[in-house]
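Sequences are here, hints too, so could you generate the full structure?
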Amino acid sequence: MRGIVLIFIVVFAFGFNKKALLGKELFFDKDLSLNKKVSCESCHKAKYAGGDDKRVSVGIKRGYVNSLVLFNSVFNCCYFWNGRRFSLRKAIKDAFFNSYEMGMTKELLLKRVSKYKIKFIKIYGDFKEEYIYDAIYYFFKELISLNSKFDKSLRGEVNLTKSEERGYFLFKKYGCITCHNGINFGGNSFQKLGVFLDKITIPRIEDLATITKRKSDIYVYRVPILRNIAKSAPYFHDGSVKSLKKAIILMGEWNIGIKISDKDANDIEAFLKTLNGEEPKILKEGR
Amino acid sequence: MRGVKFKLFLSIGLGILSVLMIIYFSIFIRNFYAKTNDILYKLNILEKYEREINYYLLYSSLFLYYNNDKISNSLKKSEKVASSLIKDKFFKKHYKASYKNFLEYKRLFNKKRMLIYEFLKYNAPFKNAILYISEDIKYISIPPERVEDIFSLISSLFLSKSFLDDKFVKELSLSKFKFLLNAKNPYNSSLFRNIKIFLEYFPYYKSYLNRVLKVKTLYYLDKSLMDFRKCLDKNVKIFSLLSLFLIGYIALIMGFFIVTLIKLKSSIYKMEQMLIIDSVTGLYNRYKFNLDIKRKRGVVVVFNIDKFKHLNDYYGSEFGDKVLREVGRTLKEFFQRVDRGIEVYRVGADDFAVILDKRDDIEKLVKEAIEYVENKEFKIGNISLSLSLSGGISFDGDLEHADMALKLVKQEMDKKIEIFDGKMNEKFKNILHITKVLKEAIDNEKIVLFYQPIVDSNFRIIKYEVLCRVEIDGKLETIAKYLDILKDMKLYYKVTLIILKKSLFVLKAHPNVNLSINIASEDIKNPTIYSFIVNNFKDSGIAKRVTFEILESAIRDYDDVYAFIKEMEKFGIEFAIDDFGSGYSNFSRVLRLKVKYLKIDGSLIKNLDKDRDSRLVVETIVTFAKKSNIKTIAEFIHSKEVFEVAKEIGVDYFQGFYIGKPSEKFIENVKKM
Chain A
1 MRGIVLIFIV VFAFGFNKKA LLGKELFFDK DLSLNKKVSC ESCHKAKYAG GDDKRVSVGI
61 KRGYVNSLVL FNSVFNCCYF WNGRRFSLRK AIKDAFFNSY EMGMTKELLL KRVSKYKIKF
121 IKIYGDFKEE YIYDAIYYFF KELISLNSKF DKSLRGEVNL TKSEERGYFL FKKYGCITCH
181 NGINFGGNSF QKLGVFLDKI TIPRIEDLAT ITKRKSDIYV YRVPILRNIA KSAPYFHDGS
241 VKSLKKAIIL MGEWNIGIKI SDKDANDIEA FLKTLNGEEP KILKEGR
Chain B
1 MRGVKFKLFL SIGLGILSVL MIIYFSIFIR NFYAKTNDIL YKLNILEKYE REINYYLLYS
61 SLFLYYNNDK ISNSLKKSEK VASSLIKDKF FKKHYKASYK NFLEYKRLFN KKRMLIYEFL
121 KYNAPFKNAI LYISEDIKYI SIPPERVEDI FSLISSLFLS KSFLDDKFVK ELSLSKFKFL
181 LNAKNPYNSS LFRNIKIFLE YFPYYKSYLN RVLKVKTLYY LDKSLMDFRK CLDKNVKIFS
241 LLSLFLIGYI ALIMGFFIVT LIKLKSSIYK MEQMLIIDSV TGLYNRYKFN LDIKRKRGVV
301 VVFNIDKFKH LNDYYGSEFG DKVLREVGRT LKEFFQRVDR GIEVYRVGAD DFAVILDKRD
361 DIEKLVKEAI EYVENKEFKI GNISLSLSLS GGISFDGDLE HADMALKLVK QEMDKKIEIF
421 DGKMNEKFKN ILHITKVLKE AIDNEKIVLF YQPIVDSNFR IIKYEVLCRV EIDGKLETIA
481 KYLDILKDMK LYYKVTLIIL KKSLFVLKAH PNVNLSINIA SEDIKNPTIY SFIVNNFKDS
541 GIAKRVTFEI LESAIRDYDD VYAFIKEMEK FGIEFAIDDF GSGYSNFSRV LRLKVKYLKI
601 DGSLIKNLDK DRDSRLVVET IVTFAKKSNI KTIAEFIHSK EVFEVAKEIG VDYFQGFYIG
661 KPSEKFIENV KKM
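Protein sequences appear in the order of chains A and B.
Under the numbering used here, read the first sequence as residues 1 to 287, first letter to last.
Under the numbering used here, read the second sequence as residues 1 to 673, first letter to last.
Take the hints with a grain of salt, since some may be wrong.
[Stated by the list, open to error] Straight-line Cα separation of at most 30 Å, DSS-like style, residue types lysine-lysine; simulated pairs:
id, chain 1, residue 1, chain 2, residue 2
1, A, K18, B, K42
2, A, K117, B, K87
3, A, K173, B, K70
4, A, K152, A, K30
5, A, K111, A, K128
6, B, K170, A, K213
7, A, K141, B, K111
8, B, K89, A, K106
9, B, K42, B, K100
10, A, K45, A, K152
11, A, K242, A, K259
12, B, K111, A, K259
13, A, K246, A, K128
14, B, K446, B, K416
15, B, K87, A, K93
It should be emphasised that the hints constitute simulated quantities derived from the structure, not laboratory data.
Written out as structure tokens, the structure is:
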């Protein structure tokens, strides 16, 4: 009796939510794209913290923005480069019907997912379209990559190197932290790219103005998160910058109005690398 | 019966319905309050979040280092709660006004969220600009004549931020400071560019902060809450009304139950009353008596109205019923005066019973009761009459025994009250036995005729009186002893019929014999006897040899008897009045009957030789008879002395042991003196 209770406690405390596990299956299922060649995972790889190493990702078609990282995405205020969705479930749904990403229709999606019908009924008691997004949402909730070196140093478990320490200081001093703050070092506000530029050269793709149609929202993007930033190169919405150091220097010029010296950039990069978190446990499941 | 069943099922149905209603109502109320509480909680927490958002917003506008997560998380939480409320069908259905305001709140919330992110968009570079301005100013290189301008500019910037008022920077012309850009010092240009950002972003920063804070989300949330409370008050009122209605409904059902119960009880009571109440007198009946006597053993007294049957016969049963009612009422009146607990029961046709506690003066009490009734004059219709009552008492509480005692009272003329004792049982057993034997004898015509001669003064046999003997337990006995029993059993006419038959046979067998036959006045009315006489005695050869003796005291209706005599005399039958002079003889009535003979009662003849009074009476009768041309017969002539006196007085005929004893055979010659 005590054994059974113990097993229950273990399963309950450490076992993954069944919805999340189902979401994981869906996440890796290539059948859920129009041409059955790509899954969600194709562009959101665990290796790259749920992002992609390609400049722009290729769904059923070649897209036009850099793949956003999924690790820790539940902490963000809103989704997509322009933050057009406040709801993660809706963002997941959007991905299925985006003609560049999965390219599905509702009917086709339901048909393709129908092989999971029994599982859905077991877990949800029913099979409905919204449960698909919900399952994936629960999977995303498990895609948490914290406990980085920086987190540990805050808890006093490890010491940062001098360079890393200085990088953190500069990160604050230069005002990077004004936008890159919170649990994800960003992802909680919108910002205009190139505040200090009279003329910006980087292409303008999928900014907030495409949604709001307001002039003031041109080049406005949701602030990207810096957790696992070292893993998720290339950088910026068009993936045009491959090196993190270069991205740091560019941000200094564009949005802070300073020229960050080589040494400072190195230190800041060192600091940013301490933000690489642990791999989410759910991804180790079933391997 | 069907009505009762229907009511029963209706009651059960209503009961179940009310229970279901209460269960449904309580579940509904519980759900309602749980859901209402949930909504109220959510509305309150949204209000809290709203204030939290405003607080964090102001906080972020003031501090350089600020975690935007606080705002975005609060927005997320608000969004989650608000979305769940929007989807809440219960909220939409039961709190319409509140829901409408809530929708407005949600719309404004979305707007506010956009404004907040807009504000944050301007806030960050603006804050960084302040950061850099305050940093750069330490390192810039400027000509001394410009120092004042620069300081005045910087102070204007900070004043405008602190006052959140752009009048301090409105007049500023940035071009005045373009010289900063020309210097080699990178801080100079940084300062210039950050001042530019400041000036550019400050109006947005200021206006968005104002706009965000002016969004009326809180107003509509409050309104929604207020409407919610109003509506809740209304709902509570409805519920209390509903529960009042429910209580009313249950009370109604209870009332219905109670009314039904009362009705049922009253109908049961009525039925019980019908069962125990005598419909004629309104007194308790014999059934109730049997119930009561089982409960309390007491002394049973039975009262009987004397000659009630006659009253009923003369005046009709309706009159009889009235008499019964009056007597019952009077008896009750008497006994309730003695003790309110004493009830009077009607236990038989004209029998009333009471159950008395054992006490010493019961006999006295019964006597008083009888006197109370007898002294009362009953007025029924136009007729007023007084009644006489007899009572039978049984100390062992047995109605049968009291009844037996009563029967014995009836057999004895003078007694009014009899108390039952064990011997009576014997007597009644005997009577029962005799009754049986008599019945058997009559059925088998085991009746023997005896003949006693009646002679004239010269001892010539004129005729014989037919006397009847019946065999009881091997002995021949005179039937006169059992007359009452026979009359009670309605057997008497059968005896008469047997006598008539046998007499007829004798008359036919002995052409020289004349017979005198006893007939009761009841027999005259009996159609069987009447037709027998008419059919068999009309023959003149027989009729002339027959005399019918009728008992004077037994005559009830002189007219009937007279009519009968008249009819029989046509055939040649003669009549005699028997036992004349006993009790209250009425000369005039007897005269009217126009009979041939008077038989002087034996009690007058018995002591004729010794008793002067008897002699005087007999002399009077004889004188009267002679004058009326009626022959006289003296019975009970048991000695020569009596015979001589009777002869001297002038009696015409004689009968008695001195003349001849009754015998089965005819005595041809009576002994000579």
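Exercise. Is the hinted pair A/K141 and B/K111 satisfied, with a Cα-Cα distance of at most 30 Å?
Worked result: holds (27 Å)
Exercise. Under the criterion that the straight-line Cα-Cα distance not exceed 30 Å, is the pair B/K87, A/K93 satisfied?
Worked result: Holds, at about 20 Å.
Exercise. Does A/K106 lie within 30 Å of B/K89 when you go C-alpha to C-alpha?
Worked result: holds (26 Å)
Exercise. Is the Cα-Cα distance between A/K173 and B/K70 30 Å or less?
Worked result: Roughly 21 Å separates the two Cα atoms, so the pair holds.
For this session: Mind checking the alpha carbons of B/K170 and A/K213 for me, to see if they're no more than 30 Å apart?
Result: OK: B/K170 and A/K213 at ~29 Å, within 30 Å.
Exercise. Has the given pair, A/K45 with A/K152, been kept, meaning a C-alpha gap of at most 30 Å?
Worked result: holds (25 Å)
Problem set entry | 30 Å Cα cutoff - pair A/K246, A/K128 | violated (46 Å)
Problem set entry | Agreement of B/K42 and B/K100 with the hint, judged by alpha carbon distance not exceeding 30 Å | It holds: about 16 Å lies between the C-alpha atoms, which stays within 30 Å.
Exercise. Given the hint that A/K111 pairs with A/K128, does the C-alpha gap stay at or below 30 Å?
Worked result: holds (11 Å)
Exercise. Hey, B/K446 versus B/K416, does the alpha-carbon distance stay inside 30 Å?
Worked result: violated (36 Å)
Problem set entry | Given pair status - B/K87, A/K117, alpha carbons within 30 Å | holds (26 Å)
Exercise. Given the hinted pair A/K242 and A/K259, is their alpha-carbon gap at most 30 Å?
Worked result: holds (19 Å)
In this structure, the earlier hints numbered 4, 12, 13, 14 are contradicted, and the remaining ones agree with it.
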